[in-house]
Amino acid sequence: MQKIDRLGWADGRSIIAYGLRVGIRTNSPGMLDSLVPRLPVGWKPSRSPDVQQLYSLIVGGDSARPSVRRFNVLYANAARVARSMVLDEVLASFESDLRLFVGERAQRRVFVHAGVVGWRGRAIVIPGHSFSGKTTLVRALCGRGATYYSDEFAAFDARGRVHPFPTPLGIRTEGKIQSERCSPETLGVRVGGKPLPVGLVAVTRFKDGARWRPRRLTAGASVLALLANTVPARWRPTVAMASLGQVAASALVLKGVRGEAEEISGSLLEMLDAASGAVGDNE
Amino acid sequence: MSSARDVTPWARAADLAVEELLDETLVYDLARHKAHSLNRTATLVWRQCDGKTTVAAMAVRLARELDLPVNEDLVWVALERLRRTHLLAEGVIVPPESAGYSRRDALRALGLTAALPVIVSILAPRAARAQSCVSDCSGLPDCIPCQQKGRRV
Chain A
1 MQKIDRLGWA DGRSIIAYGL RVGIRTNSPG MLDSLVPRLP VGWKPSRSPD VQQLYSLIVG
61 GDSARPSVRR FNVLYANAAR VARSMVLDEV LASFESDLRL FVGERAQRRV FVHAGVVGWR
121 GRAIVIPGHS FSGKTTLVRA LCGRGATYYS DEFAAFDARG RVHPFPTPLG IRTEGKIQSE
181 RCSPETLGVR VGGKPLPVGL VAVTRFKDGA RWRPRRLTAG ASVLALLANT VPARWRPTVA
241 MASLGQVAAS ALVLKGVRGE AEEISGSLLE MLDAASGAVG DNE
Chain B
1 MSSARDVTPW ARAADLAVEE LLDETLVYDL ARHKAHSLNR TATLVWRQCD GKTTVAAMAV
61 RLARELDLPV NEDLVWVALE RLRRTHLLAE GVIVPPESAG YSRRDALRAL GLTAALPVIV
121 SILAPRAARA QSCVSDCSGL PDCIPCQQKG RRV
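Chains A and B are the protein sequences, given in the same order. If you number the first sequence the way the numbering used here does, the last residue is 283 and the count never jumps. If you number the second sequence the way the numbering used here does, the last residue is 153 and the count never jumps.
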């Protein structure tokens with residue numbers, strides 16, 4: 001770490017996110033502004049020089065010798081996180097690693113990899129891994145008037161309510177593995193602001209030609225389905241199980257493969273209405 | 001020599017985090033990073049594994065709690081499943097004459113399938129497994145590159 005400290009640092013900043021203090025420093029003036037869109041939702045600047053995680057970003061590029069190019073390198077504390085000639089890849093690693101750090105260590109939230117929308121005062125949570133079709137379903141639900149909460153994480157509190165974590169939606173085009181990021185506003189999607197109790201959890205993945213015939217999960221199976229996508233599952237299992245237990249106790253949890261998102265989005269909203277007895281417009 | 005009816009199993013207590021739900025119990029094995037969901041029957045048997053209660057006594061209590069005519073076979077099924085998931089302090093030896101499918105078949109014949117002990121387990125994900133994939137994994141110990149994650153689904 002001392003070796004890294006001795007490198008020349010041109011700029012630095014402390015932030016606080018979900019109660020965690022994080023430092024970022026770089027050898028390139030102005031680079032910190034490029035990192036701002038990649039910071040976790042709800043971050044705030046901090047004055048404290050003491051941080052729990054310190055990111056050091058060395059921007060490479062051309063060196064004094066014309067035939068030599070230097071790598072862009074990112075450290076998290078003393079560990080090297082990424083090294084690449086492509087700066088954007090290193091910045092993506094910064095975002096991913098910071099998100100992981102916050103997701104794992106945040107004391108007052110349990111982060112579950114899931115898409116989340118709000119509908120008439122309740123949330124629909126769609127847990128799942130990458131490529132399970134979460135984003136498509138979230139967009140289809142938002143297209144029917146649901147409010148956008150997250151495409152990435154369901155951030156649960158101790159009472160089992162889900163808080164907004166409105167990251168840009170990662171839209172994958174056919175044939176491409178890496179997703180393109182689109183802000184909710186660009187897509188004309190309304191973003192929710194208040195924490196919501198969970199009304200419905202849909203444990204589902206896309207399967208071509210499948211029909212949506214879900215089965216209801218027991219509370220125990222529901223917690224396991226959520227825990228399988230929980231970032232701090234190993235780090236804080238007791239807290240995670242307690243929070244997810246609150247969700248499972250109050251929400252309708254359905255599991256099954258689905259076909260096209262458009263076909264089941266209406267069904268999900270109707271099921272939520274029926275389960276919660278809600279009527280009227282979505283607010 | 002004591003018979004199988006006199007066996008008094010112990011529930012494992014070390015390195016477990018337990019969360020009670022309505023009729024079920026969630027158990028997280030801190031040593032193996034496995035989470036288990038025990039249904040009502042498995043929960044009732046596991047809670048009685050105090051090193052004092054015999055299998056015969058467990059069956060009597062289980063019949064009372066479930067309000068069903070269950071016998072020791074059902075308790076043995078539960079104990080075997082608890083043993084396999086490492087939730088008993090010591091390995092319980094299932095009597096060979098009542099092991100295997102014949103016992104389950106007998107329970108089905110009695111119409112007690114709803115009372116069968118069920119334990120559902122998952123391996124808890126590492127933090128990186130529970131988030132979106134990233135394009136560049138250089139240096140990230142648990143990172144899932146998009147190509148690999150794409151193949152998994």
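Wrong hints could be hidden among the right ones.
[Stated by the list, open to error] Residues of chain B placed beyond 12 Å of chain A at every Cβ, according to the derived structure: (1) 12; (2) 16; (3) 30; (4) 35; (5) 36; (6) 59; (7) 64; (8) 67; (9) 73; (10) 80; (11) 124; (12) 125.
[What the hints assert, rightly or not] With a straight-line cut-off of 30 Å between C-alpha atoms, the simulated DSSO-like cross-links for lysine-lysine are: (13) A:255 - B:34; (14) A:207 - A:255; (15) A:44 - A:194; (16) B:34 - B:52; (17) B:52 - A:207.
[Unchecked claim] Here are some, though not all, of the chain B residues that point toward chain A, as calculated from beta-carbon distances under 7 Å: (18) 19; (19) 21; (20) 28; (21) 31; (22) 33; (23) 37; (24) 118; (25) 120; (26) 122.
Calculated from the structure, these hints are not laboratory results. C-beta atoms are modelled at their ideal positions from N, C-alpha and C, and glycine is treated no differently.
Each hint tested on the structure:
Consistency note on residue 12 of chain B: stated as away from chain A, and its beta-carbon is indeed over 12 Å from all of that chain's, at 16 Å minimum. Listed as outside the interface, residue 16 of chain B is inconsistent with that label: its C-beta sits roughly 10 Å from the nearest C-beta of chain A, within the 12 Å cut-off. Not every Cβ of chain A is farther than 12 Å from the Cβ of residue 30 of chain B; the closest lies at roughly 7 Å, contradicting the non-interface assignment. A cut-off of 12 Å between C-beta atoms contradicts the statement that residue 35 of chain B is not in contact with chain A; the least separation is 5 Å.
Under the 12 Å C-beta cut-off, the non-interface status given to residue 36 of chain B relative to chain A is violated; the minimum distance is some 8 Å. With a minimum CB-CB distance of about 23 Å to chain A, residue 59 of chain B clears the 12 Å threshold, and the non-interface call stands. Residue placement check: residue 64 of chain B keeps its beta carbon more than 12 Å from all beta carbons of chain A (closest about 23 Å). Residue-level check passed: residue 67 of chain B sits 19 Å from the nearest beta carbon of chain A, beyond 12 Å.
A cut-off of 12 Å between C-beta atoms confirms that residue 73 of chain B is not in contact with chain A; the least separation is 24 Å. The claim that residue 80 of chain B is not at the interface with chain A holds, since no C-beta of that chain comes within 12 Å of its own (minimum 19 Å). Residue placement check: residue 124 of chain B does not keep its beta carbon more than 12 Å from all beta carbons of chain A (closest about 4 Å). With a closest Cβ-Cβ approach of about 6 Å to chain A, residue 125 of chain B is found to fall inside the 12 Å limit, against its non-interface label.
With a CA separation close to 21 Å, the supplied pair residue 255 of chain A and residue 34 of chain B stays within the 30 Å bound. Under the criterion of a C-alpha separation no larger than 30 Å, the hint pairing residue 207 of chain A with residue 255 of chain A is consistent with the structure, at around 13 Å. Of the pairs offered as hints, the one joining residue 44 of chain A and residue 194 of chain A holds, with about 19 Å between alpha carbons and a cut-off of 30 Å not exceeded. As the CA atoms of residue 34 of chain B and residue 52 of chain B are separated by approximately 27 Å, the hinted pair is consistent with the 30 Å bound.
Under the criterion of a C-alpha separation no larger than 30 Å, the hint pairing residue 52 of chain B with residue 207 of chain A is inconsistent with the structure, at around 51 Å. A hinted interface residue such as residue 19 of chain B counts as satisfied when its beta carbon comes closer than 7 Å to some beta carbon of chain A; here the least separation is about 4 Å, so the hint holds. A least Cβ separation of about 4 Å between residue 21 of chain B and chain A falls short of the 7 Å threshold, and the interface hint therefore holds. With a least beta-carbon distance of about 4 Å to chain A, the hint placing residue 28 of chain B at the interface is held under the 7 Å criterion.
About 11 Å separates the beta-carbon of residue 31 of chain B from the nearest beta-carbon of chain A, more than 7 Å, and the hint is not met. Here the hint on residue 33 of chain B is kept, as its CB sits about 5 Å from the closest CB of chain A, short of 7 Å. The closest approach between the C-beta of residue 37 of chain B and any C-beta of chain A is roughly 3 Å, which is under the 7 Å cut-off, so the hint is satisfied. Below 7 Å, beta-carbon pairs count as interface contacts, and residue 118 of chain B has none with chain A, the closest being about 9 Å; its hint is therefore violated.
Annotation: residue 120 of chain B was flagged as interfacial toward chain A, and the flag holds, the nearest CB pair being 6 Å apart, inside 7 Å. At a threshold of 7 Å, the smallest CB-CB gap from residue 122 of chain B to chain A is about 5 Å, leaving the interface hint in force.
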